[in-house]
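Peer 1: Sequence:
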Amino acid sequence: MSDTKPILLLVDGSSYLYRAYHAMPDLRGPEGVATGAIHGMVAMMKRLRDQVAAEHAVCVFDAKGPTFRDEWYPEYKAQRAPMPDALREQIAPIHEVVQLLGWPILEVPGIEADDAIGTLARVAAEAGHAVVVSTGDKDLAQLVTPDVTLINTMNKAAPPAAAQQPPEGARSAPWGGPAVDCETLDIPGVIAKFGVPPDRIIDYLTLMGDTVDNVPGVEKVGPKTAAKWIAEYGSLDGVIASADKIKGVAGENLRKALDWLPMGRKLVTVKLDCDLSGHVPNWPALEALALREVDRAGLQDFYTRYGFKTWLKEISGGASGTSKAAAPVSGDLFADAPAAALADVERRYETVLDMAQLQDWIARIGRAPLVALDTETDSLDPMQARIVGISFAVAPGEAAYVPLRHEGPDAPVQLDLADVLAALQPWLEDANAPKLGQNLKYDTHVLANHGIALRGVQHDTLLQSYVLEAHKTHGLGALGERYLGRAGVSYEDLCGKGAHQIPFAQVDVAKAAEYSCEDSDMCLQVHQILWPRIEAEPGLLRIYRDIEMPSSALLARIERTGVLIDPELLQAQSHELGQRLLALEQEAYDIAGQPFNLGSPKQIGEILFTKLGLPVIKKTATGAPSTDEEVLEKLSLDYPLPAKLLEYRGLAKLKSTYTDKLPLMVNARTHRVHTNYAQAVAVTGRLSSNDPNLQNIPIRTAEGRRVREAFVAPPGHVIVSADYSQIELRIMAHISEDPGLLRAFGEGLDVHRATASEVFSTPLGEVTSEQRRYAKTINFGLIYGMGAFGLAQSLGIEQKAARDYIELYFHRFAGVKHYMDSTKARAAELGYVETLFGRRIYLPEIKGGNGPRKAGAERQSINAPMQGTAADLIKLAMLAVQAELDASAKSTRIVMQVHDELVFEVPEAELDWVRREVPRLMAGVAQLKVPLLAEVGVGPNWEQAH
DNA sequence: GTGATTCCCTA
DNA sequence: GTAGGGAATCACC
-5 MSDTKPILLL
5 VDGSSYLYRA
15 YHAMPDLRGP
25 EGVATGAIHG
35 MVAMMKRLRD
45 QVAAEHAVCV
55 FDAKGPTFRD
65 EWYPEYKAQR
75 APMPDALREQ
85 IAPIHEVVQL
95 LGWPILEVPG
105 IEADDAIGTL
115 ARVAAEAGHA
125 VVVSTGDKDL
135 AQLVTPDVTL
145 INTMNKAAPP
155 AAAQQPPEGA
165 RSAPWGGPAV
175 DCETLDIPGV
185 IAKFGVPPDR
195 IIDYLTLMGD
205 TVDNVPGVEK
215 VGPKTAAKWI
225 AEYGSLDGVI
235 ASADKIKGVA
245 GENLRKALDW
255 LPMGRKLVTV
265 KLDCDLSGHV
275 PNWPALEALA
285 LREVDRAGLQ
295 DFYTRYGFKT
305 WLKEISGGAS
315 GTSKAAAPVS
325 GDLFADAPAA
335 ALADVERRYE
345 TVLDMAQLQD
355 WIARIGRAPL
365 VALDTETDSL
375 DPMQARIVGI
385 SFAVAPGEAA
395 YVPLRHEGPD
405 APVQLDLADV
415 LAALQPWLED
425 ANAPKLGQNL
435 KYDTHVLANH
445 GIALRGVQHD
455 TLLQSYVLEA
465 HKTHGLGALG
475 ERYLGRAGVS
485 YEDLCGKGAH
495 QIPFAQVDVA
505 KAAEYSCEDS
515 DMCLQVHQIL
525 WPRIEAEPGL
535 LRIYRDIEMP
545 SSALLARIER
555 TGVLIDPELL
565 QAQSHELGQR
575 LLALEQEAYD
585 IAGQPFNLGS
595 PKQIGEILFT
605 KLGLPVIKKT
615 ATGAPSTDEE
625 VLEKLSLDYP
635 LPAKLLEYRG
645 LAKLKSTYTD
655 KLPLMVNART
665 HRVHTNYAQA
675 VAVTGRLSSN
685 DPNLQNIPIR
695 TAEGRRVREA
705 FVAPPGHVIV
715 SADYSQIELR
725 IMAHISEDPG
735 LLRAFGEGLD
745 VHRATASEVF
755 STPLGEVTSE
765 QRRYAKTINF
775 GLIYGMGAFG
785 LAQSLGIEQK
795 AARDYIELYF
805 HRFAGVKHYM
815 DSTKARAAEL
825 GYVETLFGRR
835 IYLPEIKGGN
845 GPRKAGAERQ
855 SINAPMQGTA
865 ADLIKLAMLA
875 VQAELDASAK
885 STRIVMQVHD
895 ELVFEVPEAE
905 LDWVRREVPR
915 LMAGVAQLKV
925 PLLAEVGVGP
935 NWEQAH
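Note that our numbering numbers the first sequence so that position 930 is 924, with each residue one more than the last.
Possibly wrong hints are sitting among the right ones.
[As the list claims (entries may be wrong)] With a straight-line Cα cutoff of 16 angstroms, these simulated EDC-like cross-link-like pairs (lysine to aspartate or glutamate) come out:
1. Lys505 <-> Asp685
2. Lys265 <-> Glu65
3. Lys307 <-> Asp295
4. Lys260 <-> Asp295
5. Lys848 <-> Glu823
6. Lys612 <-> Glu623
7. Lys884 <-> Asp906
8. Lys647 <-> Asp622
9. Lys250 <-> Glu213
10. Lys923 <-> Glu741
11. Lys647 <-> Glu697
12. Lys132 <-> Glu65
13. Lys848 <-> Asp880
14. Lys655 <-> Asp732
15. Lys655 <-> Asp685
16. Lys655 <-> Glu562
17. Lys71 <-> Asp133
18. Lys260 <-> Glu65
Just so you know, these hints were derived from the structure itself, not from any lab.
Make a model of the complete structure from these sequences and hints.
Peer 2: This is the structure in structure tokens:
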């Protein structure tokens, strides 16, 4: 594309409407009206203006009502769901604000946005313009010519006039073209993405069809086959001409579709000769489409009405608010607009190599209202990692990197690590010096490894993103991409990956500085976008400020404490397990008549089903005969080998995952095991634990439980375990207000027994253990959003019988039934569910998903509020308990959290206090309509503390 | 070496 | 039926 031609920017407003609506959280303005789509559109239109140096532009929308395609084909778009009300009511404001932002808009009755864009693109190109079409719709790839380029702004944005390099870190597509997420499509780009050139896109779409618009193609033909055929036969006509030569099911389907294809082609072809007179002044001249100045006063009013505080501040002349130095402006009103920040802010990154420079930066971070920091280290293990360098960002674009332990022939002489840390220590440890970072729990460990106690942590972008949209990814690269329009250099770009990875210390200092400064810088800028969004939502603010931020610091402390294990005991168990495995292996070989790998499901399948001819009970996802526990259990009733395999599996699992592994995880310095709690992984708000996972230590079997004997207390101490009793059922009772459940918990009954008593109409005292077991399974099923199928499976009964039980249950516990129905309905309406404390869990597929996915989302909508509220409660409990331990200067330490259980290491002298206070604090974190109950156990090890 | 598959441990 | 982490095998590069 020529860089001298004037640029016309065409925006496919309709395609972005939907995407803005679905991509944005369900934001609400001051009066509770939906603003998510408006917000998304404004962000995108602002960003587009910044990124494309266009003189002329127009935002095109679909008009209401039928178009010529409906006349050709009445079923056109017939499948499409009506526009959601929450979006419909945002259309008028979107039109308004797009115009206020200076854009001409175009909406022509009877003409779809695509056709208007196609026509404008053709006319403009003929008049000597370079045309940029911004759309999320792949169909428009057919418009691409040397003068017409497509960009997809929601994903990736780059000025189209610039040479198009795939972003660093983008993987090559299989055919060697630019990565698919580099969304600038010129002719080579289209070929790379679709496998066919732009002038064959129509043919390609015709073959595939378009389910969204309800245009059929050839059945079973997707992108791969369509591209393959076109490559082979040159064009759709070529494919049609060779239809009888094409083999297989696809060929048959093609022959069936031959009569349809001409109509399909007509429908997917964008019309390039629409009459826009009367809608574009002086059509076909384009002068009327000049991009205008923004209407400041109008925008001010608009932003006020819809509660867009950040933009309001910005347009009212306020700077970013964080920095003395506002972001340098490139002559555009919106240059420091959040969504455009990183691309536009001039970068002033420094590499600090002498003491004077360091002192200067220490002064700057001391003055700055909020500083982002990031440590670079030599290890991913937070307890081992040592600093290689550290960076700070004080304002957008202003950051410094202090290299400390870079090695190699080209590495410059660097400041002494100890000197630098000593100089930084007062600021790092100053609780009144506000700091932020991305996952500062990690940096807290790293600094602690050097004897520095990081304080003054006010924000963490990992947790901000998690609180706002837990279901998305929260890596800094992803955040940069999502909110700043660029991902930045990735760690892999810098260090490589896998076996080829080099230590950070061997990275060139200049590159390391760029990377580290960019990370801190991005973190600061992402914060400027996310923090206002959290602040604006009282529920989310509470979760973030009162739960997640303090939990992060506490988790760092718990991880650092670690837990003492007895490696010798585990090694003895390993040895014993090894002996028994050896024996089992031999027995299995004898029965099978040959040796085979007992660890290989595939080989087990061959022996069991092929050689020995046992019946196949069920198949795996790939169609192979399953050998899982349930299957082997069934088979072991009639055959000897499956029982051996079951026993082998169980013991092998214990040995490899636990008794072998845990001793290897003991930290050489502390002689303890330090897990890592991932705070932003589980969408419901739970923690997860890894390296090692201490949340899945066996308990179900006596065999497995022995592993817990190795989790011990040091001399003079005991292990105390405190766990919430039936916390999720209690939460269900609270939310549903079901009288039966409320009463059962209120009276302190055994809830499963009480459930059985109701369901089976049996007096409480006469409930059999089997009835109780059924009730317990039902209760668990309810928490998981079960259906009859699941219940039948886990009880081993007919689906019909399971359905009867469920019906009976809902009859007796009508409040629970009502809760299930209303939470599903609410989730479908809002697209998310909430915990008692206001944590949000988005369920995108409850609206958009297909059958099974939608059903899955409905189950999540039932489970997530319970699991999530339980997660909130135990986090609050941990904080409350630790606060009390600190306040009364106790030495008792929290050593583990296992979802509804807290494990403590307690000096014997504090045992009485802990037994009394911990359950009291745990029960007191919230006042529900049922009491919370925490049960305490004490022992020399974790097993005996239960 | 890497990623998918299968299996299994926890709340 | 919910939410996680992880080991071993095996086909692939």
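Peer 1: Now, for every hint given, state plainly whether the structure supports it.
Peer 2: Status of the hints after comparison with the structure:
no., hint, verdict
1, Lys505 <-> Asp685, "30 angstroms, violated"
2, Lys265 <-> Glu65, "15 angstroms, holds"
3, Lys307 <-> Asp295, "12 angstroms, holds"
4, Lys260 <-> Asp295, "45 angstroms, violated"
5, Lys848 <-> Glu823, "13 angstroms, holds"
6, Lys612 <-> Glu623, "11 angstroms, holds"
7, Lys884 <-> Asp906, "12 angstroms, holds"
8, Lys647 <-> Asp622, "13 angstroms, holds"
9, Lys250 <-> Glu213, "9 angstroms, holds"
10, Lys923 <-> Glu741, "12 angstroms, holds"
11, Lys647 <-> Glu697, "11 angstroms, holds"
12, Lys132 <-> Glu65, "24 angstroms, violated"
13, Lys848 <-> Asp880, "47 angstroms, violated"
14, Lys655 <-> Asp732, "46 angstroms, violated"
15, Lys655 <-> Asp685, "10 angstroms, holds"
16, Lys655 <-> Glu562, "13 angstroms, holds"
17, Lys71 <-> Asp133, "15 angstroms, holds"
18, Lys260 <-> Glu65, "12 angstroms, holds"
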